[in-house]
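**Q** Make the full structure from the sequences, and use the hints.
In case you want the letters, here they are:
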Amino acid sequence: MQHVAIADQTEELHDPHSFITKYVWSQDHKVIAIQYGGTAIFVGLVALVLSGLMRLQLGFPESFDFIDPSAYLQFVTMHGMIMVIYLLTALLLGGFGNYLIPLMIGARDMVFPYLNMLSFWFYLLSVIILLSSFFVPGGPTGAGWTLYPPQAILEGTPGYDWGIILMLASLAVFIIAFTMGGLNYVTTVLQARTHGMTLMRMPLTIWGIFTATVLGLLAFPALLVSAIMMMLDKLIGTSFFMPALVSLGENLDYTGGSPVLFQHLFWFFGHPEVYIVALPAFGMVSDVLATHARKNIFGYRMMVWAIVAIGGLSFIVWAHHMYVSGMHPAFGFFFATTTLIIAVPTAIKVYNWVLTLWQGNIHLTVPMLFAIGFIFTFTHGGLTGLFLGNVVIDLPLSDTYFVVAHFHMVMGVSPIMVLFAAIYHWYPLMTGRMFNVTLGKLHFWFTFLGTYAIYLPMHYIGILGVPRRYFAMGTTDFIPESAQTLNASITVSALIVGMSQLFFLANVFWSIRNGEKTGHNPWGATSLEWQTPDVPPKHGNWGKELPRVYRWAYDYSVPGAKEDFIPQNHPVTKEEQTGGEHEEKA
Amino acid sequence: MYLVIALVLLVVGSLIFHWWSPWWFTPLASNWSTIDTTVNITLYITGIVFVAVNLFMAYAVFRFRHKADQRSKYEPENKKLELWLTGITTVGVVAMLAPGLVVWADFIDVPEEADVIEVLGEQWQWRYRLPGADGQLGEVDARYISQANPFGISPNDEAGNDDIIVDNSELHLPIDRPVKVLLRSKDVLHDFAVPQFRVKMDLVPGTVSYVWFTPTRTGKFDILCMELCGIAHYTMRGHVVVDEQDQFDAWLGEQPTWAEIQDIAPGDTLAGQGLYTVCGSCHGQQGEGNAAMNAPRLAGLPDWYVERQLHYYKAGIRGSHKEDIYGQQMAPMAGVLVDDKAVRDVTAYIASLEAQTANRTLAGDPERGKSHYTNCGACHGAEAQGNYALQAPTLAGQDDWYLKRQLENFRLGIRGTHEQDNYGHQMVLMARSLQNEQSIDDLMAYLSSL
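In the order they appear, the protein sequences are chains A and B.
Letter 392 of the first sequence, counting from 1, is numbered 392 in this note's numbering, and no numbers are missing.
Letter 347 of the second sequence, counting from 1, is numbered 933 in this note's numbering, and no numbers are missing.
Don't take every hint at face value.
Stated by the list, open to error - Okay, derived cross-link-like pairs now, PhoX-like style, lysine-lysine, Cα gap no bigger than 25 Å in a straight line: (1) B/Lys653 / A/Lys441; (2) A/Lys441 / A/Lys517; (3) A/Lys562 / B/Lys659; (4) B/Lys653 / A/Lys562; (5) A/Lys562 / A/Lys22; (6) A/Lys22 / A/Lys574; (7) A/Lys22 / A/Lys517; (8) B/Lys659 / A/Lys574; (9) B/Lys806 / B/Lys766; (10) A/Lys517 / A/Lys538.
What the hints assert, rightly or not - Okay, the calculated beta carbon distance ranges per label pair: (11) A/Met499 / B/Ala691: 20 to 28 Å; (12) A/Val572 / B/Gly673: 29 to 37 Å; (13) A/Ile228 / B/Ala691: 35 to 43 Å; (14) B/Leu667 / A/Leu45: 41 to 49 Å; (15) B/Ala691 / A/Thr438: 31 to 39 Å; (16) A/Tyr114 / B/Ala684: 51 to 59 Å; (17) A/Ile316 / B/Gln833: 45 to 53 Å; (18) A/Glu250 / B/Pro608: 45 to 53 Å; (19) A/Gln191 / B/Val594: 43 to 51 Å; (20) B/Thr947 / A/Ser63: 44 to 52 Å; (21) A/Ser63 / B/Glu969: 29 to 37 Å; (22) A/Val492 / B/Gly673: 38 to 46 Å; (23) A/Leu502 / B/Arg763: 54 to 62 Å; (24) A/Val492 / B/Leu998: 21 to 29 Å.
As the list claims (entries may be wrong) - If you want the footprint, here are the derived chain A segments under chain B, 3+ residues with CB under 8 Å: (25) 293 to 303; (26) 348 to 354; (27) 390 to 399; (28) 455 to 464; (29) 551 to 560.
Derived from the structure by calculation, the hints contain no laboratory data.
Given the structure is predicted, the values throughout are model-derived calculations rather than measurements.
Yeah, the Cβ is synthetic: ideal placement off N, Cα and C, and Gly gets one too.
**A** What follows is the structure, given as structure tokens:
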């Protein structure tokens, strides 16, 4: 008998019955997705609070006794690491990847459900280890999310003792969790697609998640290796990253190691990580745009190849994070060139999103608002990347707030806009109910305008030359007093944006019980996840028979068709063949 | 509709913010105007794309917003349009990249006539070394670094003897001469950055990196560490003073060579004892201090700290602030010591006095104070024993009323703000992380308990 994920199931499924097997030790990809998502959003909120504390210090220095230089660096570090790894990576791949892959490709589940379950529990363990570092002597590490040695493991850095060890251990466990999940996603996409679901008929969401997962499987080992080596340097005194040095007046025994080697390893992971976050977001936003503009995604094939090209290129640009690291300066030519080349496929994606809107029939629903907001913020963040990627421009801007503003626009705000778009878009599928539209719109406006009010001015603080990771600026000869006013206004915006996330939380929880029931496919979407027999989909997703796919995922407003969308599992009709110039995609 | 208005306003607002806000690069003071040019090219190209894409999107949302009888156009792709867009984008990217690479080629190609100097970074200070008469810097190695040899200059390399040692955070450079700055770190990563020069580069322990520029404007500029280097990262500041050639030569002439520093004889305790009688009238003959006279305890303080403070008092670096009443009393007393030898002698005597336990006069909670001390301990040591490498004096054994007054003086800028006070400015920044008197009293209570 074929595996359950790819076979028709003529007999009753052995559904789990007890509460424990259904919701706790669950092997259902949808439950695991919610577990991943809930945990990720929870730690994300912790990181959000940390950013608020940082902003309080920066906006109103000399006001808060409990934020001292150590605590500040600990907030910075934990905020960054949680947001990048434990929120974004986990929510996009563990959450949406898990939920959407089987449903969108017409499978009953992931191909390795047990491994999938283990993946979540390892992820949860990594989160617990990470958060426990708040409660150990010395507190969490304050080495910056990049954890650069030597300082990460030497006295003089907060959490140099317990904090860094727990951080490295947590990362190692996270990578194990990711690998179990990631192997699952890749195998499922390659092996468990239903009849007719060719690769070039997959929704861009799946292309984005699939490519990101491949990147993760190739990139995370570099981080694992560097975490293990640093752990050895710390615990048993090896010298992988530690040269001969004198720490706070004491000559240590290390010799011969290279701090720059760590940076190469870290960014060999770290740059693909940007696209591990970005590509699923690219994919999901494409589907939200197409659905709510009632129009096919423009240039689907180009979009697929752009995702693949960006994924490939992301492995040869890493050292643009290291232009001023003291590496061999000739690297600058190579990495600046590859970095700016990556702008071409990225720009194509932006053009195609905007062209998808052109001549569409745009419904400004809450998910659509977030999707359009994403195009704006991503364009902004992408363009400032052209400054930093161009090696000489990085000289004045590196390690200033311009960098902070850039990566928050491109890697913070933009993917989070997509995450919100996606949560609102798929909320009716996950719960069977509609969210509250008014709360959703309030959430959008506060988040969209608020984040721009944070990050646009922040670029200018960086251009002035204000360094990042400074607890306080004090007085300098080149920063005008007015910069402090700007910092205060950024803090006020940040606190408002932070608070406005309560609209989102309230909406999500309130609507589970009180939202209007939506029934099947409220957005009129074409992709398979909306065509399940039950809403929300039940264990096994498809009842007795798997769906058959006859067309690509973007048959919106097909000339001659009665409705303005034709689901992927509807056979091609005579009317549409004669009604339009479109040829069916093979 | 609101969305269309918002998008247009954001685009227009961004442009207005850009043109009318006062915030932009600080005026250039080096040869790297080409970097500014490259920035401007990128700014214009990306600015045009930003405006074009977003206004087009706003227009699309306006024109194709949902209406009852409207249907989208079915257009899977348009190869010609996609090719055109790809082509134009490629041209734009080349226009930004090409000048960038040309300038980078200049940046990594140091002119042969450039002067070579060395910047040494350590937690959380800058020091400098310039070649002496022989025109070259002596060999160094981390193994040789010690209190007596902070640069780690090799005793086996003759070339090191005439090296000029700048054991403070102020560097001078002559105007209009290209300089290659060798960057070396003792401990962790640092980054040498002067915003007016536009260039920056990390200092990496175990290797030597470099950066070059030609100062084109006289003046005093901040040096900032821009690579996170620990708790006091933000206090790691220095200065570079760009001089006319003759001023520079005069400054250079005042700096000691490595050989001269090694030749300094240690202080004479016996001679110091004689000199100390004057000091003892306030500070006590055993150096125990006298709260009534506002004279702190001296016994237990390390020699290098006492020597530096005496030098500061003599030079008006400390005790010259008009609100520093007690410092003003000390300054003329320090003036009694006629020369550097007298300072070293009396210092040697003070260092020989036996440390005592502190008098506790303030009510505070040592437990709470302990948590505040985490930051202080990074430099002053877990037991407040002080650390030469960080120029952080011993705090244990000092009376709490004195420590509190000094902490408040730092906070208020009464101490530590003089331009030549190399280490005081760090304490000014650090002391400001404590906001209220109770916290300070708690901290003092903890220190008294050590």
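**Q** Evaluate each hint against the coordinates.
**A** These are the hints, each one checked on the structure:
1. B/Lys653 / A/Lys441: Status holds; Cα separation ~20 Å.
2. A/Lys441 / A/Lys517: holds, 19 Å
3. A/Lys562 / B/Lys659: holds, 14 Å
4. B/Lys653 / A/Lys562: Holds: B/Lys653 and A/Lys562 sit about 17 Å apart, inside 25 Å.
5. A/Lys562 / A/Lys22: Violated. A/Lys562 to A/Lys22 sits at ~41 Å, over the 25 Å cutoff.
6. A/Lys22 / A/Lys574: violated, 44 Å
7. A/Lys22 / A/Lys517: Holds. A/Lys22 to A/Lys517 sits at ~23 Å (cutoff 25 Å).
8. B/Lys659 / A/Lys574: holds, 20 Å
9. B/Lys806 / B/Lys766: holds, 19 Å
10. A/Lys517 / A/Lys538: holds, 17 Å
11. A/Met499 / B/Ala691: 20 to 28 Å: violated, 50 Å
12. A/Val572 / B/Gly673: 29 to 37 Å: This hint holds: roughly 35 Å between Cβ atoms.
13. A/Ile228 / B/Ala691: 35 to 43 Å: holds, 39 Å
14. B/Leu667 / A/Leu45: 41 to 49 Å: Cβ of B/Leu667 to Cβ of A/Leu45: about 43 Å, so the range 41 to 49 Å holds.
15. B/Ala691 / A/Thr438: 31 to 39 Å: violated, 58 Å
16. A/Tyr114 / B/Ala684: 51 to 59 Å: Between A/Tyr114 and B/Ala684, where Cβ atoms are some 54 Å apart, the hint holds.
17. A/Ile316 / B/Gln833: 45 to 53 Å: Holds, since A/Ile316 and B/Gln833 (Cβ atoms, about 49 Å apart) stay within the stated range.
18. A/Glu250 / B/Pro608: 45 to 53 Å: holds, 46 Å
19. A/Gln191 / B/Val594: 43 to 51 Å: Hint holds: Cβ distance 48 Å, inside 43 to 51 Å.
20. B/Thr947 / A/Ser63: 44 to 52 Å: violated, 29 Å
21. A/Ser63 / B/Glu969: 29 to 37 Å: holds, 31 Å
22. A/Val492 / B/Gly673: 38 to 46 Å: holds, 44 Å
23. A/Leu502 / B/Arg763: 54 to 62 Å: Once the Cβ atoms are compared, 60 Å apart, the range 54 to 62 Å for B/Arg763 and A/Leu502 holds.
24. A/Val492 / B/Leu998: 21 to 29 Å: holds, 28 Å
25. 293 to 303: Check passed, 9 qualifying residues.
26. 348 to 354: holds (count 5)
27. 390 to 399: Since three or more residues must qualify, the claim that chain B covers the stretch 390 to 399 of chain A holds, with 8 doing so at under 8 Å.
28. 455 to 464: holds (count 6)
29. 551 to 560: holds (count 5)
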